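Number of protein chains: 2
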Amino acid sequence: MNLDPLDDLILDETTKGIPPGGSARLLDIGSMGWNLVRGDVPLPAAILRESALDHNSRWMQTFVGKRNAVIAPHVKTTMAPQIMQRQLRDGAWGVTVATLHQLKVCRRFGIDRIVLANQLVGRLELDVLVAELTASPGFDFFMLVDSPDGVRAASEAVRRGGAKAPPIQVLVERGYAGGRTGCRDNETALEIARATRAAPELKLCGIEAFEGLLRPGNGGPADAVSTFIDEIVTLFDSCVREGLFERTPPIVTAGGSSFYDVVVKGLAGSNAQTVTRSGCYVSHDSGVYQAEQQRILAATGEPVGLVNALEVWTHVQSCPEPGLAILTAGKRDFGTDSGLPAPLLISRGGELPEPLIGCEIFASNDQHAYMHYPASAAVRIGDRIGLGISHPCTTFDKWDVLFLVNDDYDIIGAVKTYF
Amino acid sequence: MNLDPLDDLILDETTKGIPPGGSARLLDIGSMGWNLVRGDVPLPAAILRESALDHNSRWMQTFVGKRNAVIAPHVKTTMAPQIMQRQLRDGAWGVTVATLHQLKVCRRFGIDRIVLANQLVGRLELDVLVAELTASPGFDFFMLVDSPDGVRAASEAVRRGGAKAPPIQVLVERGYAGGRTGCRDNETALEIARATRAAPELKLCGIEAFEGLLRPGNGGPADAVSTFIDEIVTLFDSCVREGLFERTPPIVTAGGSSFYDVVVKGLAGSNAQTVTRSGCYVSHDSGVYQAEQQRILAATGEPVGLVNALEVWTHVQSCPEPGLAILTAGKRDFGTDSGLPAPLLISRGGELPEPLIGCEIFASNDQHAYMHYPASAAVRIGDRIGLGISHPCTTFDKWDVLFLVNDDYDIIGAVKTYF
Chain A
1 MNLDPLDDLI LDETTKGIPP GGSARLLDIG SMGWNLVRGD VPLPAAILRE
51 SALDHNSRWM QTFVGKRNAV IAPHVKTTMA PQIMQRQLRD GAWGVTVATL
101 HQLKVCRRFG IDRIVLANQL VGRLELDVLV AELTASPGFD FFMLVDSPDG
151 VRAASEAVRR GGAKAPPIQV LVERGYAGGR TGCRDNETAL EIARATRAAP
201 ELKLCGIEAF EGLLRPGNGG PADAVSTFID EIVTLFDSCV REGLFERTPP
251 IVTAGGSSFY DVVVKGLAGS NAQTVTRSGC YVSHDSGVYQ AEQQRILAAT
301 GEPVGLVNAL EVWTHVQSCP EPGLAILTAG KRDFGTDSGL PAPLLISRGG
351 ELPEPLIGCE IFASNDQHAY MHYPASAAVR IGDRIGLGIS HPCTTFDKWD
401 VLFLVNDDYD IIGAVKTYF
Chain B
420 MNLDPLDDLI LDETTKGIPP GGSARLLDIG SMGWNLVRGD VPLPAAILRE
470 SALDHNSRWM QTFVGKRNAV IAPHVKTTMA PQIMQRQLRD GAWGVTVATL
520 HQLKVCRRFG IDRIVLANQL VGRLELDVLV AELTASPGFD FFMLVDSPDG
570 VRAASEAVRR GGAKAPPIQV LVERGYAGGR TGCRDNETAL EIARATRAAP
620 ELKLCGIEAF EGLLRPGNGG PADAVSTFID EIVTLFDSCV REGLFERTPP
670 IVTAGGSSFY DVVVKGLAGS NAQTVTRSGC YVSHDSGVYQ AEQQRILAAT
720 GEPVGLVNAL EVWTHVQSCP EPGLAILTAG KRDFGTDSGL PAPLLISRGG
770 ELPEPLIGCE IFASNDQHAY MHYPASAAVR IGDRIGLGIS HPCTTFDKWD
820 VLFLVNDDYD IIGAVKTYF
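Chain order of the listed sequences is A and B.
Counting with this note's numbering, you get residues 1 to 419 for the letters of the first sequence.
Counting with this note's numbering, you get residues 420 to 838 for the letters of the second sequence.
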């Protein structure tokens with residue numbers, strides 16, 4: 001991959017977070033001498049701590065490497081080519097995307113192994129894909145099918161592409177009752193696998209599943225995932241017995257950001273190439289994934305875990321009642337779908353941040369957050385508050401540019417997203 | 420205002436919704452001959468129906484004009500200069516923004532009357548504002564104060580700006596207990612008004628309030644708003660009696676997208692220039708504001724109301740269980756903070772959409788929506804579904820570009836946003 005398309009990118013004050021009054025190349029922002037808590041950029045602003053990104057990217061590579069698996073990080077989380085480059089540099093097998101738009105962004109930056117973790121539909125969309133595959137012989141691409149209609153639509157697109165169109169590499173998606181996409185049982189999945197094998201326009205390369213939304217059974221969510229992965233292994237073995245796979249080794253891919261430990265454990269005994277797909281690990285968070293991480297560390301005995309890299313910084317705009325502060329960041333600046341952000345840090349007068357104790361965000365509007373603070377916190381108008389968020393995907397997508405900072409909040413770079 | 424900065428804007432497939440395989444000037448997209456339901460653009464895509472935008476923009480002008488009020492639409496909703504131009508052309512008095520970033524975008528496009536409906540804090544932020552005012556004598560700008568700290572910070576910024584810096588035009592913000600920003604009672608607000616009058620760096624031009632989040636009293640939310648507006652009038656009269664206002668006529672601004680009828684009625688007897696600030700009316704929606712609109716029509720006797728202009732279009736990706744369809748749009752494509760979207764329309768095989776009856780979105784993930792459909796709906800993989808949304812602000816901000824369509828879904832333009 002390469003970052004060439006970023007070379008000429010100029011930013012100015014029309015991009016949220018960029019200081020008014022001039023313009024700068026994205027790649028020059030790290031050398032402007034700006035510091036976040038000193039007030040060199042307007043708030044709200046989103047930051048990524050480089051030391052944490054670096055740690056997390058290596059941590060995950062080590063984690064899957066020790067367990068005979070690889071990772072194709074779901075880059076829908078960040079949609080930031082600069083972060084993708086870091087993940088690939090640190091050993092990621094490829095990347096995962098959710099949509100054709102995300103696929104095209106990754107191709108623009110020269111990524112040559114992509115899992116589209118969905119069944120692509122739409123004539124235009126499939127034709128674009130086939131054209132991309134036809135023009136790019138080295139592009140190792142996989143997408144999902146979960147139905148005869150999906151098999152048929154993909155096959156027809158390859159036929160429309162003409163003699164030079166290569167077969168589409170396909171993974172059969174196994175789902176579960178009450179879940180999202182995917183065949184509901186192994187019998188149905190096996191039928192789709194046979195239909196794929198029979199279609200000359202498609203090449204059956206493995207099995208895909210997404211366990212991240214499984215509801216807990218009696219033994220808790222990890223047990224439900226474990227049972228589900230056992231069924232995937234059974235399906236995989238059935239496909240092997242019938243000689244359906246057209247890639248060696250065939251792939252089994254599963255594992256979002258919550259249960260990758262259970263997934264790699266469950267697939268360890270199979271002969272598949274195990275491909276995990278966590279997206280959130282690279283920034284991590286201060287919410288749902290931090291909670292999940294505690295379970296993973298306890299289950300695996302890993303001594304060190306992921307570290308939060310992502311914060312949204314905001315000013316205290318108003319303290320209109322005792323113990324109530326209104327902040328200048330809201331639903332346009334952080335995700336709220338997995339819980340409101342946590343006020344972690346406070347900085348006043350350009351000083352390095354200190355932990356903010358006993359405060360809580362209890363509501364948010366489009367452009368404001370409501371924070372309770374105890375008398376001991378002595379929050380004032382103009383203070384800078386650093387928010388930790390829950391679920392990075394829905395915070396990254398609020399920002400065209402996030403600042404890369406060192407541990408002193410010096411801005412050492414800027415990360416462009418493509419949402 | 421002018422749209423010159425859009426002249427040279429080139430879009431390509433890295434922008435969500437733009438067809439892969441080339442690039443086009445934003446201003447040329449309307450002449451490409453694309454049609455949404457014929458499949459000329461990849462889904463998901465967001466559209467604005469021009470006939471509805473046109474109707475809504477004129478409707479609101481007529482509504483406030485008949486009631487001796489003006490509107491400074493809250494452009495945080497769309498952050499789309501092309502829509503702002505339409506609103507100003509149709510008679511908007513100015514625009515309202517929430518943040519310095521939004522202010523700078525509006526200034527880039529030459530808007531010369533702006534209400535910043537917040538108390539600006541932060542030394543950098545205030546210095547940028549003062550520099551803008553100093554450089555732009557014709558710029559009619561207002562911001563809020565709700566506290567001695569706010570008065571002090573704004574005054575100091577003007578002093579830092581030197582002899583040529585003009586005073587900042589200020590509105591005192593009146594809030595209410597349990598609400599967001601603003602003085603909690605008239606006594607406090609009057610003190611802030613006096614402090615503002617006494618500060619040579621500030622010019623007291625009126626009163627501001629935001630009633631949109633008031634919780635219903637015994638008489639329902641409209642009664643609570645009515646009572647609140649009565650208090651604003653009392654505050655206004657007190658300021659007049661003390662000779663505090665430094666603008667003629669002084670301004671009272673209130674009125675979000677839910678209760679502007681109550682606001683203009685309550686202020687009709689005052690001698691203030693009444694400035695309403697609805698943002699959502701221009702696109703309207705199919706959710707919370709459509710519900711509120713019914714109340715407004717009933718209360719005012721207006722025979723015709725606002726019409727929904729905004730839809731998000733998606734494919735059916737999978738029908739994995741009877742009655743369950745998974746769609747290719749999710750929390751990255753539509754807002755969910757005021758309710759999930761409603762599946763309104765279906766199109767198959769390039770045909771013009773028909774109403775979709777009896778379907779319901781019951782859940783969403785980052786990139787997917789879950790839809791129940793009755794046996795009678797006969798939904799299939801590849802069908803196009805048009806979603807109506809609730810709360811336009813949090814759907815606009817998911818899109819860099821929305822398509823402008825005519826009633827046949829021909830794409831007749833593209834609308835750029837700046838979030």
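For the record, the hints were derived by calculation from the structure and aren't laboratory data.
Please read these numbers as outputs of a predicted model, since none were measured by experiment.
Note that beta-carbon positions come from the ideal geometry of N, C-alpha and C, so glycine has one too.
Don't take each hint at face value.
So, partial list: chain B residues that the calculated Cβ filter (under 10 Å) puts toward chain A [what the hints assert, rightly or not]:
(1) Asp427
(2) Asp431
(3) Thr600
(4) Gly688
(5) Ser689
(6) Gln692
(7) Gln736
Label-pair ranges, simulated between beta-carbon atoms [claimed, not checked]:
(8) B:Glu606 <-> A:Arg25: 50 to 58 Å
(9) B:Thr653 <-> A:Ser338: 29 to 37 Å
(10) A:Arg25 <-> B:Pro722: 31 to 39 Å
(11) A:Asn2 <-> B:Glu721: 56 to 64 Å
(12) B:Arg444 <-> A:Gly110: 38 to 46 Å
To see whether the hints hold, each was checked on the structure:
| no. | hint | verdict |
| --- | --- | --- |
| 1 | Asp427 | 12 Å, violated |
| 2 | Asp431 | 8 Å, holds |
| 3 | Thr600 | 4 Å, holds |
| 4 | Gly688 | 28 Å, violated |
| 5 | Ser689 | 24 Å, violated |
| 6 | Gln692 | 25 Å, violated |
| 7 | Gln736 | 5 Å, holds |
| 8 | B:Glu606 <-> A:Arg25: 50 to 58 Å | 53 Å, holds |
| 9 | B:Thr653 <-> A:Ser338: 29 to 37 Å | 44 Å, violated |
| 10 | A:Arg25 <-> B:Pro722: 31 to 39 Å | 56 Å, violated |
| 11 | A:Asn2 <-> B:Glu721: 56 to 64 Å | 58 Å, holds |
| 12 | B:Arg444 <-> A:Gly110: 38 to 46 Å | 26 Å, violated |
Hints 1, 4, 5, 6, 9, 10 and 12, counting from the list given before, are not met by this structure.
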